[in-house]
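Chain A is already provided as a structure; the job is to place chain B on it using the hints.
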Amino acid sequence: MLDILLPQIANGLVLGFLYVLIAVGLSIIFGLLGVVNFAHGAFFALGAYFALSLYQWFGWPAVILAPFIVGGLGMAVEFLLIRRLYGKEPLIGLILTFALSLLIEALVRLVWGAGGHPFSPPPFLAGIVEYGPILITKYRLAVLVVTMALLVGLWLFLNHTPFGRILRAGSRDAEMVGMLGINLPRVLTGVFGLGCFLAGCAGVLAAPLWTITPSMAAGAIMPAFVIVTIGGLGSYLGAIVAGLLVGIVTALTIQFMPEASAAAMYVLMAVILLVRPRGLFGERWERFE
Amino acid sequence: MSENANGSGRTRRHFLADTGKVALGAAALTAGGPFILSARGETPLKLGMVFAKQGTWTEQGEMLVNGARIALAQAKGQVLGRPVDLVWYDEPSPQAAQQNFQKLVEEEKVSAILGGTNSGTSLAMAAIAKRLRMPYITPNAAAREITGKECNPFTFRVLTTTPVASRALAPYLATVGKKWYFICASYAYGQDVYAQMKAQLDQFGGREAGVDMTPLGTTDFSSFLLKIRQAKPDVIVAGLPGGDLSAFLKQFADMGMKGKIPVACPIIGDSDLWSIGPAAATGIYGKPWHFSDPNNTKEDRAFTADYAKAHGKPPSDKAWLGWFSMRSLLLGMEQAKGLDGASIVRGLESVSIDEGGIPAHYRTWDHQMLRKMLVVKVKDTITDKWDWMDVLKVSPERAEDLEAQFGSREEIGCQMESL
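These protein sequence lines map, in sequence, to chains A and B.
Mapping of the first sequence onto our numbering: residues -16 to 272, in sequence order.
Mapping of the second sequence onto our numbering: residues -10 to 408, in sequence order.
In isolation and in its complexed conformation, chain A is listed as follows (with noise of 0.2 Å):
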């Protein structure tokens, strides 16, 4: 038994880890700004697409400036639309942001094309590496590690520098934090711009690991949303921990009633709500009483 339950726990923990590394944008930006980013998935496959010019035109080393790109970008469009929707109804940012993920899609299309694209991932990595029972590919664990240690850097960038304190004293109080002099405006830019990073470190992995498709950013969102939900609304510890919980999950579900494999995150978020409607480490937020 032992045999048939470590190799899918180890799967799934390195499906959670991507997961995570997904959920974590769309946390971050909910918390800091109070909007529910549906266009989190289009980022999402925007950096598997900018990784694949990328490669096709200067090699691999170019495919790290995927992600930069898609957070410049998400600046962009945080300046142009996005702050427009401070302090207003959370529905017409989920409006708008559905709208705009539905654009870059279309968009997509017309500049890739409507079909797929192979991408596997760099010669050094392709491979298995087997230990025991567990076997596992090689660029699975070079997502583990790199997905950890983008991880570790968010924590200490979040907690340990100036501003990492401006931006959770300004997601709490923005009117106190402007009141001392701090242009929180700017903040928020780079907040927006930092969560597409993240969500353009994910697709930038996932491209060799699952197609490059216009619709991929459909396959990233939902997990995302529930991940963020069974975590707790703009928690960082939630969004690691119910994203390892959702891979494994996922993993134990399919090695034993695989046509439940899509429910069974849901499922999870059920009953995850009915004992704790905020999520497992959801705090009561005054702005979103």
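These aren't lab readings, by the way, just hints derived from the structure by calculation.
Just so you know, even glycine gets a beta-carbon here, dropped at the ideal spot from N, CA and C.
Please note that the accuracy of each hint is not assured.
[What the hints assert, rightly or not] Listed below are the simulated BS3-like cross-link pairs for lysine-lysine, each with C-alpha atoms no more than 30 Å apart in a straight line:
hint	chain 1	residue 1	chain 2	residue 2
1	B	42	B	119
2	B	35	B	119
3	B	382	B	287
4	B	249	B	216
5	B	326	B	287
6	B	326	B	92
7	B	247	B	119
8	B	247	B	216
9	B	368	A	121
10	B	249	B	187
11	A	121	B	216
12	A	121	B	249
13	A	121	B	221
14	B	374	A	121
15	B	35	B	65
16	B	287	B	298
17	B	65	B	298
18	B	249	B	374
19	B	119	B	326
20	B	42	A	121
21	B	247	A	121
[Unchecked claim] Stretch-level coverage of chain B by chain A, calculated; a stretch enters the list once three of its residues show a Cβ under 8 Å from a Cβ in chain A:
hint	region
22	39 to 45
23	257 to 264
24	312 to 318
Leaving out everything else, chain B in the frame of chain A:
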């Protein structure tokens, strides 16, 4: 600005007066009955198309349309001596496809419609075709009901159904091994593949190594692959639609399983493989047509050349389905005795297309296109940019077996109403 640019001194008032005279003249001409009759040969005839312009099915929609356009261009853009206008509407959902179908009939006044990238929209449109008595050909739908229980006199289908494709593929697969693992998407097509291939496996005395019904749209198959690896099957039968199959094959290769266990699927599309690259491409498949098949007719080869010239790459099976469907429609209309729905239906029923041995034709009692099917295998070493498959066999080999491969009246279950 009362004078025109060439300085001829003619004012806008002159221009308006002249335009008015031309318009009056035209109105007078159209009012005259005898003149219309003699000029009718030049009046464009409209044919409708309902294929995806957005969403998951966009690529297939574009290829079907590209193929259909080439068929029309090869017919010099006309049928029955009249120029043809193609009108292409979108099919975002079954309901919207029905509305667009209706619009084509009532507003655009088309004579026949080609449409449906998938079974859902095709079934929906077939129902409207019956109600509006509009000849309708679906090139790319595999659901049995279209020419089975839901058949109707105005609906024709070109693609082979899953049972037919399974019958073509299974005998070859049984020679590879008799312990099969099934991984099928949990919806009509996947369930059909499982039922049909399992029945074939039982017939050959084989054994099921395992079965996984996967959620439609699965992006990560790694956990399923771990299970398959543990089961050690001889063959993996994948009942997965395009995008899911691509993701499965890619991860199959990434996990080092390519070349160790053969993968098979009753129906494959070229773009499903092109989208994952030669390193991951593998498998044994059923396919309606392949552009480099040495048995292709001169018409097929002309189509391949025209398509490559227009689009810079060889035609996929979907492009061919669009081309073949439009070709059958134009041939049917040429043979029709009138442009009303019933006459075109009769024309389509009499179409026979030479395919180098077994002629393709629509069966009169269910309107399914009866034609050969190919069993193909991905080459072990891929060197060409586009040509990745070898044709292993043609099924059936003899014309007299064609009817049996497509199933008896009892099995199909179509009770066709009279026109």
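Now for the hints, and whether the structure bears them out:
| no. | hint | verdict |
| --- | --- | --- |
| 1 | 42/B with 119/B | 25 Å, holds |
| 2 | 35/B with 119/B | 19 Å, holds |
| 3 | 382/B with 287/B | 20 Å, holds |
| 4 | 249/B with 216/B | 15 Å, holds |
| 5 | 326/B with 287/B | 28 Å, holds |
| 6 | 326/B with 92/B | 25 Å, holds |
| 7 | 247/B with 119/B | 47 Å, violated |
| 8 | 247/B with 216/B | 15 Å, holds |
| 9 | 368/B with 121/A | 26 Å, holds |
| 10 | 249/B with 187/B | 22 Å, holds |
| 11 | 121/A with 216/B | 19 Å, holds |
| 12 | 121/A with 249/B | 19 Å, holds |
| 13 | 121/A with 221/B | 22 Å, holds |
| 14 | 374/B with 121/A | 28 Å, holds |
| 15 | 35/B with 65/B | 15 Å, holds |
| 16 | 287/B with 298/B | 16 Å, holds |
| 17 | 65/B with 298/B | 17 Å, holds |
| 18 | 249/B with 374/B | 24 Å, holds |
| 19 | 119/B with 326/B | 20 Å, holds |
| 20 | 42/B with 121/A | 38 Å, violated |
| 21 | 247/B with 121/A | 16 Å, holds |
| 22 | 39 to 45 | holds (count 3) |
| 23 | 257 to 264 | holds (count 3) |
| 24 | 312 to 318 | violated (count 0) |
Hints 7, 20 and 24 from the list above are not met by this structure, while the remaining hints are.
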